[in-house]
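*Asks:* Chain by chain, the residues run as shown.
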Amino acid sequence: MRKKTLKNGLKMLALSVFTGVSVLASPSLAADSIKVAVVSFLTGPAAGPFGVPGRNGAELVIDAINEGAMPAPYGSAGFGGLKLEAIFADESGGNAKQVAEYRNLVEKQGVDAVLGYISSGSCLSIAPVAEELKTLTVMSVCGTPRLFEDSDWKYTFRTQAHAVGDSVAAALYIRDQLDDVKSYNGINQNYAWGQDSWKFFDIAMQKLIPGTTASDNPQFPQIFSGQYGTEISTLLLEDSDLIHSSFWDGDIEAFVLQASVRGFFQKKRFISVAGASAVDNLGKRFPEGTVIGTRGEFGILVRDREGELNEWFINAYRERYGVYPLESSYQYAQSVLALKAAMDKASADNGAAPDTDQIISAMTGLDFTSLAGDVSFALGKGHQAIHAVGYGITAWDDEKDKPTVTNVKIYPAHCILPPAGQLSEDWLAAGMPGSDC
Amino acid sequence: MQTTFTILLDGLSYASYLFIVSVGLTIIFGVMKILNVAHGGFYAWGAYSAAYAIGLAADLGFPDWFGFVLIGLSSMGVGLVLGLLIERLILRRLYDHEEVIIILATFGLFLVLEDLILLVFGVNPYFAYQPMVFLGSVELGGILRDVYSLTLLGLAALVAFACWYALDRTKWGKILTTVIYDREISLAIGINVNAVFVWTFVAGATLGALGGAYISPTLSVAPGIGIDIIVLSFAVVVIGGMGSIPGALIGALMVGILRAVAVHKFPEFELFVIFVVMAAVLMVRPEGLFAPVKARRI
Amino acid sequence: MTGTPVLRVRNLHKSFAGIVAASNINVDVADGEVVGIIGANGAGKTVFVNMITGYLKPTSGSIEFSGREITGIRPRDATRIGVCRSFQISQVFMTMTVLENLLIAVSLAGKERKSLLAPLRSRERIRECEQVMERYKLTEHRDNVTRTLSQGVRKLLDIAMAVVSNPKLLLLDEPTSGVSSDEKFRLMDLVMNALKEQGTAVLFVEHDMEIVQRYVDRILAFYQGEIVCDAPPDVALKDPKVIEYVLGESHGPANDSESALGAGHA
Amino acid sequence: MIRSALSDATIRWTIAGFLVLALVGTLFPNWILNNTMFGLAYGLAVLGLLLLWRTGLVSFGHALYFGMGAYAVALLERYTGATDIVMRLGAAMTVAGGTGFVLGFVLRHYRGIFFAMLSMAFSMVLYGVLVKTEALGSTDGFSVSQTTILGWQPQSKYPLFLAIVGLCVIATTGVQLYLHSALGHLTTSVRDNEIRVEYLGYSVATAIHVKYVISAALAGVAGGVMAMALGQVDPDSMVNWTVSGELVFITIMAGPGSVVAPFIGAITFEFLRTFAFELAPHAWQLIVGGTLLGIIFFMPEGLWSLTRLISRKREKVR
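Residue numbers (numbering that gives the first Met the number 0), protein chains in the order written: chain W, 0 to 436; chain E, 0 to 297; chain S, 0 to 265; chain Y, 0 to 317.
Treat the hints as calculated values from the structure; they're not laboratory data.
Straight-line C-alpha distance at most 27 angstroms; calculated BS3-like pairs for lysine-lysine:
{"#": "1", "chain 1": "S", "residue 1": "167", "chain 2": "S", "residue 2": "195"}
{"#": "2", "chain 1": "W", "residue 1": "408", "chain 2": "W", "residue 2": "198"}
{"#": "3", "chain 1": "W", "residue 1": "82", "chain 2": "W", "residue 2": "344"}
{"#": "4", "chain 1": "S", "residue 1": "183", "chain 2": "S", "residue 2": "237"}
{"#": "5", "chain 1": "W", "residue 1": "153", "chain 2": "W", "residue 2": "133"}
{"#": "6", "chain 1": "E", "residue 1": "264", "chain 2": "W", "residue 2": "266"}
{"#": "7", "chain 1": "W", "residue 1": "181", "chain 2": "E", "residue 2": "264"}
{"#": "8", "chain 1": "E", "residue 1": "264", "chain 2": "W", "residue 2": "198"}
{"#": "9", "chain 1": "W", "residue 1": "34", "chain 2": "W", "residue 2": "133"}
Owing to the predicted nature of the structure, the values given are computational and were not obtained by experimental measurement.
Sequences and hints are given; from them, build the entire structure.
*Replies:* Take a look at the structure:
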């Protein structure tokens, strides 16, 4: 009797496995609109400097495209004719939570594509899941080159050039603009972005400015730790001339405040790869004379640059949110533009309402115009974008009573990034062949 | 030499900060036998309310030194309001539960306090740098230091002295010592143990809040700041001996200096070393290095 | 006395931080003998019991059990070789039923550890427990949680748990303390008869002279950590030293705080 | 063995329950399947904590084993490329159980608050190492690729779900059999009266050690399951002290009443978290913390006491 029930149970079980496998639906997009999740830090130390401006940048451009209110070449309404319905989600809580959230976004809320992600940790952990769930995912800000150099992804793209570009451009800028750097150290966060940034900066410095020495005690505090007294002491005790940092979230603001009270910026040259948000947020408290980057032609570096798209973006953003767009506003907008360009192309090639595969093939290797420069998906088998990266020196504009940057220098993509098919470390080790800046 | 001096100073200032936070935890444990996870919540509330008040005062044009007044006021306010509410409404009903259940209840409280912060203060970080900027910097051991962090040493000494004085030189202290030694005897000789518990908890909460409030000018006050400090102050309290004030002092000094040495010399051991010491102390001397005298009843 | 004694104690000495709790104790106990231990509070009775059952380690001296040296043995090893004990304050599993208490005791008494992995409620074990309950008149309480039972019943259970492994030597620490006066003879009759059947040697600490007189073959009288008298009851109870040092004070109520072991675990 | 297991009503009901879950699982959309798997993973760890709790011990450091299991899966893949479920779970269990065995020699002498604190210290040591070591992924952790089942790469989540349900059946049955053995009943005995256990001739330390190793191994397996279901490991959501707190929280929420309670509790918790997070992203900890307090105040026996309430009502109706 018992045996029989068990047998029947097993039969049903086998049956249910079968149906379970066959039930899996193939991904397809809805008819007249596309649902996209935009993920950025909405809470925590990274929300103010990066998450919220990024979210706003995306929102502004999405709304404008839906209404057909963008200047050329994005004047047509919609994404390949489709309206984009955005869901804004929070990136905080750690990688494991992000993976769980991503699954919820795709499987529970049914989004067709996901756009965003600021932390390199998020990107590295999301990409495999995007592959598993076969969902188009456009990464906006994160910088670790491992994303496309360790693996090939079909469903993941990144519209932001990776950390090698930022690091090489930084070294080039130091070579070109600062003449007294003999030794350097760094303070970077203890995760993929911080570790990679320091590693590549160090190699680039050794290749570009031979004779300089790196400290043997670079600092790697934990992300969001917010308190740097001991690290500042360590850096101050050393005799390195220049301190490199890839801090980007609230950490850069905390560090700058704590360090400036201790005369840090009078004693050291400071190069901040991604801390431009603090220039705006801290105003006069941000030390003048700091080398500042925005990881592209973004934010404060292009605030006064002419160009229809750029001026439209700055004005519309100020009108809607009351402040200047920051680096991440540009980065998120750039991802939206990539999606628009790819979907327009896909629908032109295949007729209305392209499916995920058609969008992917349109986006692969695509060249498109961003707000203040051109971008092309040249690396990572056509999934990793490259673009120019610039740096400048902070100053206070007394006339306009606002922060500004001087000596802005933009380095084109081929000078700062490896050519397609070459790994960053090999390219750096070989002395950056092809870089002629 | 210069490095040693700097490490020592960094360690001392970090230790002072840890001591101020931990002493509240250890007092609560000593008297009430409650290991209060919600202490991290008091810390965070102290930091937030001080940072908020300082920011507001700066916007309203108050002078920078006024921040110190606000730090004191906000930690007392947080300690009094949260301490009273939590002791009266929640802990009071749990005293006859197992100690681990009480720990868990305080964990629940901690989660609640964390989110109340988000609801009240929002999700963006606060910077209350005015008091730190106001005090400026001074050169010590060849490098500039912010005076504000150095005043932590003074505050810690003050707190230590106040605790010693209150426990050793006042009638209140005698009562407290009796309750710590034996709760039942205290009841028998007519001590109002309930009142002792309430005010102990409020005092402990205030000290936790003071730790957060005083440190807030030197960091970005952001969601989640209470999480790490709990385990750190647990480490301090366990190393020194749960319930012992001199223990908290020694524990804070050990953790502070170890961390400073680690950050300067072996950054990868920063967190690891603290908990290894905590585990080692528990293994060798479970009652801590400076365990208070206990009435043994076995 | 013939053959090897069950218990042989020689020159036993114990001091706590300089304070002498037992000194120069020499005792032999024969197979099946019943020995009463009397003495005022703090005279060293429980310390003596605790040393024999391994809870306390003697400072010097030796304890032999059936010819085997067991000085400083761990309690569980003492139990395994056949030295068991009951407690002044009954030590039972308060949230479990009487049957469960006995089942645990029976399963741990098994010589083969394999049986520990078999289900606790095996038919054979339950049968064995039922016999024990029968013998100690516990059957009516079979499925009651011990927390709800009277002191007397708990005492019985406590002793029953100590006996299920058929020890050769049993130490009873104040078996009637906390038991109401109309219950105590019933209890002792039950216990002593059952033990006699098993041929167990018994050492028991007792304040109640009526009980002592009725059951023991021999009395050990303690005073300030030493044995002042070792004789049959009729002799011992007339000994002037016993009258002066022991009986003079022993008629007051038993004071629990004397036990270094019992309190705090109730 | 199997017959004696099936003679136990709890085991029969448990197996039936999991069978139903497996069947209903075919109808689940992926997100429910995922959340249920997370719940089952937590449930396995909580099952281990339940064993300790019945002995009167609460570990505030079981994230140590949970994290070890998860990282074992991730590192195994990273350094050997192995993705098979058997190897993954084997590694998770071995590493966690082995560590539990070693640390057990120390922890078995501790009780109450000291046990809780020392467990926490051990788990924070692992946290400190992971966070600061680049080779171990520091704060980023690692991705975990999809699990293969004896060389077969399933195209959907369901086979993994089924395997996990099967694992839960084995674990629950095993724990139930253990609890019903003499050794298992010692859990309550040790909590009630250690002295008596010693004087019955058994070592309390050994009894606790056995339970500790079982609970560590279960937590390790749980971490492994979590890593497979989620596809990611990281220190903050798997090794930090808050995770240990969460596990203890679910233990209390579930109640000590039954070996099924941990799974009911954990799945409830997982869905509570998902919905709370969606409806009130800034107040979900408040909801969770409030629930915890509510349970301590009003439902000291946990969710499981609800089942007793229901069965009592049914008796009354009869």
